[in-house]
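Engineer: Just need the whole structure built from these sequences, with the hints factored in.
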Amino acid sequence: MSNFPRIFKPRSMRELALLYSVCFMIATAILGFAVYSSARDALQQQLDSRIMAETNDLLSVYKSDGMTALSDEIVRHEEQGGITQMGYILTDNEGTRVAGKMQAKTPKTGWSIINFVDEDEGTDQARAYTIALSNGGRLVVIADQEAIEEIGEVLTQQFLMAFAAIFLIGVGGSVVLTRLLRRRLSGINETASAIIGGDLNQRISLDGSRGEFDRLSQTLNAMLDRISDLMENLRQVSGDIAHDLRSPLNRLRQNLETSLSEKLEPAEQRSAVEGAIVQADEMLDMFSALLGISEIEGGHIKSTFKPQRLDRIVAEICEAYQPAAHDAGFDMQCEIEPDCIVTGNRHLLGQMLTNLLDNSLRHAPEGSQILVQITENLEEIDLVVSDNGPGIPEERQQEMLRRFARMEESRTTSGNGLGLSLVKAISDVHGAQLALSDNQPGLKVTISFGLKTNL
Amino acid sequence: MKILLVEDDKNTSDYIAQGLEQAGHLVTASDNGPDGLFHATDGNFDVIILDRMLPGMDGIAIIGAIRGAGETVPILMLTARAGLEDRVDGLDSGADDYLVKPFAFSELHARLNALVRRHQPEAAESTLSANGIELDRLKRLVLRGGNPVELQPREFSLLEELLRNSGKVVTRTMLLERVWNFHFDPKTNIVETHISRLRSKLNEGHAEDAIITVRGAGYMIAADE
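Chains as they are written, first to last, in numbering that gives the first Met the number 0: chain X, 0 to 454; chain P, 0 to 224.
Warning: the hint list may mix true and false statements.
Said to hold, decoys possible - Okay, the calculated beta carbon distance ranges per label pair:
hint: 1; chain 1: X; residue 1: K8; chain 2: P; residue 2: M56; range: 47 to 53 Å
hint: 2; chain 1: X; residue 1: P389; chain 2: P; residue 2: D34; range: 54 to 60 Å
hint: 3; chain 1: X; residue 1: Q268; chain 2: P; residue 2: T40; range: 44 to 50 Å
hint: 4; chain 1: P; residue 1: A221; chain 2: X; residue 2: K262; range: 52 to 58 Å
hint: 5; chain 1: X; residue 1: M222; chain 2: P; residue 2: T40; range: 57 to 63 Å
hint: 6; chain 1: X; residue 1: T257; chain 2: P; residue 2: I211; range: 28 to 34 Å
Simulated from the structure, these hints should not be mistaken for lab results.
Every residue gets a Cβ at the ideal spot worked out from N, C-alpha and C, and that includes glycine.
Structural biologist: Structure follows, in structure tokens:
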């Protein structure tokens, strides 16, 4: 587009309308010229064939009755007069004029345009056909072109009037079109201004016609919805960061304050400082997790992706977790199909599973069952982690994938609400589908690696 | 041991140097790349601590130059980001270990000890022993006080790691990396569980605890006197 001259990139309605009018006028001019020239051609042809017919008439007189009869015939024709009057010149073999009143020189044989002297108008142009006679003389039949010129003039005049009318309609139309479009766009403009002004809930009104303007409005409204979602998310996340930082900072401050007290035994003082370090570590962990999610979402990690034996990664983690799960009173089982290969990063895939297991171990009550499965079919490899703990109600499942989302509104229990967001980010960067579902009871997390996209 | 510390952040540098000096090490601190490289090629250090981001010269470029000069001194790289790419870059470029900032001093210290220990040639022996515990890598045998102890493969690796660093603390993160190859931090106490199983197997019939838990730092098997 950038190579186009500026005229083809109209910047306003007026320019657009003017561009359209100019194009339309050019088209009209081409049409007018075509009509004019074809009309002229047709008339010219008609004139030529009349001259030809007249010539043939006279020639047949000459052939049957001779020169004198031809001369008489020409005089008779000249006397008849009328609108379709033609002019004649007849000369003998020495060039002397025998008949014909036309005041012009004898042209060479064949078609030609000659100048002659008209009694009323002075010198004028005419179409002439000259033929050599068998006795050496010449016969010229001449027709005035005035009729054609007159029709040409009329056509030109009418065309200019039409052109002027089109010009006026074009300019007027562009003004009207501009007004109409402006009125149409002003609705969008007003809404946008209102949103800039701070009223994020404004939407462009729709007329339901499904026309271009309506569809544009719908698209813009959808964009506004998305922006407002993002802003809401941003607001929530920054609020959550502030909230999640405040509590450990508060505890950190309390611990440090306690450690300053002179009444404390050295051991108590030490434990207060240790407590402070734990609080600081908690905050640092949260930032690491946030940075980790951002980095994974950035997608650069994809350059490290290689085919990985998912079954081995999962088996290793299961082996590492089973003793801890058992000691904590859980029944953890792993059902792994062999030879499952996905393209990805070994550490991220491992982290994804450990996050899911950490979640189950944290949220499900003692005695719960945890099942890790890998199943493979022709289209996908599914990694499923399910437990029979409290689960997540269906209407809140999507929400739980967001950063800092937690089941308890009070946000007082341990955990930073980033675990599932990280799982989601890792699943996304591997091109896998993450689905939360009800395990009746409990939570079932399914991560599906599409084989077509992964291999 | 003699340690070269190349770190441009004054606070971090002081914090590390102070801690290491208190632990009885000799620290030379440098706050920029060219100067750090100059010291490193002296060949006088047991271990180098190198920041990934330095003014004047990138940490990875410095490692390249040190290795290019034929120095085999172990290098521990400090990175600011938990980025996996950074880790891969660092280890590929010839660093021997890395540590993500911020870190606990005990973690750094334990890693430096392990690095220097690993760097010594006798580490390739087929048997390890300390405090009455013997481990034969080839025969996959463990004896305590002469009596065989049955271990799971993972417990065996865990014990091997502790014995290799006997007398020094091995942190939870180091064990996760070396024994499980987990370069992330599970919230579940998998290390603690495995240690506790290993411990109970080793302690059967013995009064003295085979594995010392160092609070807030890690685990240790006492070295032979």
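Engineer: Each of the hints needs a verdict: does it hold here or not?
Structural biologist: Going through the hints against the structure:
1. K8/X to M56/P: 47 to 53 Å: holds, 50 Å
2. P389/X to D34/P: 54 to 60 Å: holds, 58 Å
3. Q268/X to T40/P: 44 to 50 Å: holds, 45 Å
4. A221/P to K262/X: 52 to 58 Å: violated, 37 Å
5. M222/X to T40/P: 57 to 63 Å: holds, 59 Å
6. T257/X to I211/P: 28 to 34 Å: holds, 29 Å
The structure fails to meet hint 4 from the earlier list, while all remaining hints are met.
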